[in-house]
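Asks: Since the structure of chain A is provided, determine the placement of chain B on it from the hints.
These are the residues of each chain, in order.
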Amino acid sequence: MKVHLFIPCFIDTLMPDVGIATVEVLRRAGCEIIYPTGQTCCGQPAFNSGYTEQTRSIGRHMLDLFKDAEAVVSPSGSCSAMVKVFYPQVFAGTPDEARANHLSEITWEFSDFLVNKLGVTDLGARFPHKVTIHDGCHGLRELGVRDQPRQLLEKVKDIELIEMDEARTCCGFGGTFAVKFPAISNAMGQVKCESAGRTKAEYVVSGDSSCLMHVQGYADKNGPAVKTIHLAQILASQ
Amino acid sequence: MYRGHLARGWRRSRGPDAHGTTMSRSTYEQPSTPPTDPPETHNGRLTTTRIPLKQFKEDAELAAADDPQRLFVRTAMRNVANTRAKTEAMFGSIQSARDVAAAIKWEGLQNIEAMLLQFEENATKNGINVHWAADGPSVCNQVIEIMRQNNARSVIKSKSMATEEVHLNHALLDAGFEVVESDLGEYIIQLRDEAPYHFVFPSMHLKRGEIKDAFDHKVSREESAPVASDDPEALTMFARNIMRQKYLSADVGISGGNFIIADSGAIAITENEGNARLTCGVPKIHIVVVGIEKIAPKLEDLALLQTMLGTAGAGQLLTGYNTVYFGPRRRNENGEGEVDGPEQMHVILLDNGRTKLLADPALRDALRCIRCGACLNVCPIFSNVGGHTYGTTYQGPIGAVISPPMRGTAQYGHLAYASSLCGACTETCPVKIDLHHHLLRIRQQYTVAKPQAAEKSAMNWFARTMRHPLLYRAGARVALTFDGLLRPLHGTRLDAISAWRKRRSLPGKPTQSFTSWWQSGGKQ
Numbered sequence: 008m009k010v011h012l013f014i015p016c017f018i019d020t021l022m023p024d025v026g027i028a029t030v031e032v033l034r035r036a037g038c039e040i041i042y043p044t045g046q047t048c049c050g051q052p053a054f055n056s057g058y059t060e061q062t063r064s065i066g067r068h069m070l071d072l073f074k075d076a077e078a079v080v081s082p083s084g085s086c087s088a089m090v091k092v093f094y095p096q097v098f099a100g101t102p103d104e105a106r107a108n109h110l111s112e113i114t115w116e117f118s119d120f121l122v123n124k125l126g127v128t129d130l131g132a133r134f135p136h137k138v139t140i141h142d143g144c145h146g147l148r149e150l151g152v153r154d155q156p157r158q159l160l161e162k163v164k165d166i167e168l169i170e171m172d173e174a175r176t177c178c179g180f181g182g183t184f185a186v187k188f189p190a191i192s193n194a195m196g197q198v199k200c201e202s203a204g205r206t207k208a209e210y211v212v213s214g215d216s217s218c219l220m221h222v223q224g225y226a227d228k229n230g231p232a233v234k235t236i237h238l239a240q241i242l243a244s245q
Numbered sequence: 119m120y121r122g123h124l125a126r127g128w129r130r131s132r133g134p135d136a137h138g139t140t141m142s143r144s145t146y147e148q149p150s151t152p153p154t155d156p157p158e159t160h161n162g163r164l165t166t167t168r169i170p171l172k173q174f175k176e177d178a179e180l181a182a183a184d185d186p187q188r189l190f191v192r193t194a195m196r197n198v199a200n201t202r203a204k205t206e207a208m209f210g211s212i213q214s215a216r217d218v219a220a221a222i223k224w225e226g227l228q229n230i231e232a233m234l235l236q237f238e239e240n241a242t243k244n245g246i247n248v249h250w251a252a253d254g255p256s257v258c259n260q261v262i263e264i265m266r267q268n269n270a271r272s273v274i275k276s277k278s279m280a281t282e283e284v285h286l287n288h289a290l291l292d293a294g295f296e297v298v299e300s301d302l303g304e305y306i307i308q309l310r311d312e313a314p315y316h317f318v319f320p321s322m323h324l325k326r327g328e329i330k331d332a333f334d335h336k337v338s339r340e341e342s343a344p345v346a347s348d349d350p351e352a353l354t355m356f357a358r359n360i361m362r363q364k365y366l367s368a369d370v371g372i373s374g375g376n377f378i379i380a381d382s383g384a385i386a387i388t389e390n391e392g393n394a395r396l397t398c399g400v401p402k403i404h405i406v407v408v409g410i411e412k413i414a415p416k417l418e419d420l421a422l423l424q425t426m427l428g429t430a431g432a433g434q435l436l437t438g439y440n441t442v443y444f445g446p447r448r449r450n451e452n453g454e455g456e457v458d459g460p461e462q463m464h465v466i467l468l469d470n471g472r473t474k475l476l477a478d479p480a481l482r483d484a485l486r487c488i489r490c491g492a493c494l495n496v497c498p499i500f501s502n503v504g505g506h507t508y509g510t511t512y513q514g515p516i517g518a519v520i521s522p523p524m525r526g527t528a529q530y531g532h533l534a535y536a537s538s539l540c541g542a543c544t545e546t547c548p549v550k551i552d553l554h555h556h557l558l559r560i561r562q563q564y565t566v567a568k569p570q571a572a573e574k575s576a577m578n579w580f581a582r583t584m585r586h587p588l589l590y591r592a593g594a595r596v597a598l599t600f601d602g603l604l605r606p607l608h609g610t611r612l613d614a615i616s617a618w619r620k621r622r623s624l625p626g627k628p629t630q631s632f633t634s635w636w637q638s639g640g641k642q
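Listed in order, the protein sequences are those of chains A and B. Its first residue numbered 8, the first sequence is counted upward by one per residue in my numbering. Its first residue numbered 119, the second sequence is counted upward by one per residue in my numbering.
With the rest of the complex left out, here is chain A (with noise of 0.2 Å):
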């Protein structure tokens, strides 16, 4: 199947290795990858602060560059669900509605791309380490993702998943809000990484490299000595 990816800038920039990786994942599945390289952001600060022209304009860029695709998968929950949810929205009532649509009904999050799309959740990887997951927001109220990631972690050779109390709790990144309310954000950061401590794991997986970072960069600071993983690092390893 040809899929187009969408990779989000912070990803592009900050953490490539989660691009390959998912790259190497979606390749392993039987699928052509074809990555446009205009690709920048989908516009979620601005939409998220508020401003919808510049939300559109953005918009139109993405609307453009994936015009031809059959399928579009990202490694973003938050991201994906800008698209998916919040594109219908913005576009209504202008002359992009459809395209917006169009757009929003082939855009997939990667896990859910792979488990129901697909429907592979053996991806033949091997992860000897113990694990715990953290819900994005985004993906898990406004995509439903919530089974996916764990149906496909559960065929990974040799990890150990346990689940902490605050798996569905926010990690307090939430964009702007994290340097606009960072007292509050910090907070929020704190019961996370407190609840991910607390089950020993190594590692916190994800389907969100912003709440990662957001994790990672609290954990640094602030302890549990917690390493955070991409979904797509782990079903890559072998």
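Please note: incorrect hints may appear among the correct ones.
[As the list claims (entries may be wrong)] Counterexamples of contact, computed for chain A against chain B with all Cβ distances above 12 Å: (1) LYS9; (2) ILE65; (3) ASP71; (4) THR101; (5) GLU104; (6) GLU112; (7) LYS124; (8) PRO135; (9) HIS136; (10) LYS164; (11) ILE166; (12) GLU167; (13) ILE169; (14) GLU170; (15) ASP172; (16) GLY181.
[To be verified] Covered by chain A, per the in silico footprint, the following chain B stretches (three or more residues, Cβ under 8 Å): (17) 174 to 185; (18) 442 to 449; (19) 497 to 506; (20) 532 to 544; (21) 569 to 581; (22) 584 to 591.
FYI, nobody ran anything at the bench for these hints, they're computed from the structure. Glycine is no exception: its CB is placed at the ideal position from the N, C-alpha and C atoms.
Replies: Same frame as chain A, now just chain B:
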């Protein structure tokens, strides 16, 4: 008798005419007197020195640094949420129940003017005096006028957020009346002169010792012997003994209302302590102050609405006491008939900004709220900053959604930004209010109501950059390179992300971007 000269409310002056049922922005324009803007609070205590945004940020910082208190609140909220989950599991389908509850409330709102008029007509037949109030001063004045006309001196109150919203207690005290709250939580915060911390559990932030302290120092020895200990039973008995005297001596009982029942002209009240029954039944006069959004079309709707209220709010299958008040005691011309119940019952229907929310189709569903508090109980913001930080009568997600449109988006819009948009509230709401998406809509309104020049130009610059891949790539390279060079500035005011860096690290700088990897061979 009060209807004629006291009904100065929104319906009479600005509301829809009695014959029309269509709603439009023009018929629901705001009342001529702006809604009262209650004083800001500082940890629940009244102060008038800080603007709401500054107050919120300062108090959030203090609250977030108080680890033991956060754990205390989080544990309490977690327990309520766990109990709720167990009770919800007893439903055949909680999701269908949410759909139906939302539809019932929505039906009431879509026909609100006809429903309220139907209520007025039926309530009047039941012997209830119905009054309309556009705003806070109007409610307070109408209550005071009823008190004065009946030579009443003292008031016993059961829990009512509508009266908190309009600061009725202060108005009554200023006018020289005695007011005592009979809900245990409300009584405690009344003694401490605080605002409710949580609109369902007003004193949930307090520990036993603090409650005993309030009883020891704020209740006079003439009124009661000292409380025996900080044992919950002793504390409750202490308050109970005081309350029992007040029910008998109060001239007027003031309550809120959970549902205004249109087809029956009745008011439904849900409570756990039995205090509302005594407040509404023992004094000679009963006054209900209730927001117009509490409208429910039919008596039979209570079967689901009261269940949802108990379950969503506290994880109860049904709240302890559910009472429907159909009017004052009924007697014939000779004075024969019922021997108990109040001699007069008044219902004051309160607008106070609700019609502004009604006029906004995008946010209108927020008026479905039944004030169960479930969204607060699951909100990570609430559990980390606490209720007083919000500086508004209604805390948590629903507070952040209704306070800006009801009290001013420019003044309270910041509450919509103080959210990570996690959506736990929306997932929980028993009447399916689109809470966290409303926060996004309010953010859009805020950029118009209170333009932020610097942020707007940053967003314009951001949009321009992101439309041009070359600019984006160059920008990313520059940012990564320069962040290292600017190390001496880290943490200072010149550091754009010092708010992040203070307590969090940033990811290391990768050797190449994903796009470079792709272009340099990853493609194959």
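Asks: Would you check whether the claim that GLU167 of chain A is not at the interface survives, using Cβ distances to chain B and the 12 Å cut-off?
Replies: 26 Å, holds
Asks: Over 12 Å to the closest beta carbon of chain B is the bar; see if ILE169 of chain A clears it.
Replies: Given that every Cβ of chain B is farther than 12 Å from that of ILE169 of chain A, nearest at about 19 Å, it holds.
Asks: If I take the minimum Cβ distance from GLU104 of chain A to any residue of chain B, is it greater than 12 Å?
Replies: Consistent with the label, GLU104 of chain A stays out of reach of chain B, its closest Cβ about 17 Å off (over 12 Å).
Asks: Could you check that no beta carbon of chain B comes within 12 Å of the beta carbon of ASP71 of chain A?
Replies: 10 Å, violated
Asks: Is ILE166 of chain A truly not at the interface, in the sense that its beta carbon sits beyond 12 Å from all beta carbons of chain B?
Replies: Holds, since 24 Å exceeds 12 Å.
Asks: With a Cβ-Cβ cutoff of 8 Å, does the stretch 497 to 506 of chain B contain at least three residues near chain A?
Replies: Result for this restraint: holds, n = 4.
Asks: Are there three or more residues in the stretch 174 to 185 of chain B whose C-beta lies closer than 8 Å to some C-beta of chain A?
Replies: holds (count 5)
Asks: Determine whether the non-interface label on LYS124 of chain A survives the test: each CB of chain B must be over 12 Å from its CB.
Replies: Given a closest Cβ separation of 22 Å, the condition holds.
Asks: Please check whether the beta-carbon of PRO135 of chain A is more than 12 Å away from every beta-carbon in chain B.
Replies: The assertion about PRO135 of chain A holds, with a minimum of 25 Å to chain B.
Asks: Please count how many residues of the stretch 442 to 449 of chain B have a CB within 8 Å of a CB from chain A and say whether that reaches 3.
Replies: violated (count 0)
Asks: Are there at least three residues in the stretch 584 to 591 of chain B whose beta carbon sits under 8 Å from a beta carbon of chain A?
Replies: Contact hint for the stretch 584 to 591 of chain B vs chain A: holds, 5 residues under 8 Å.
Asks: Beyond 12 Å from every Cβ of chain B: is that where the Cβ of LYS9 of chain A lies?
Replies: 14 Å, holds
When held up to the earlier numbered hints, the structure conflicts with 2, 3, 15, 16, 18 and fits the remainder.
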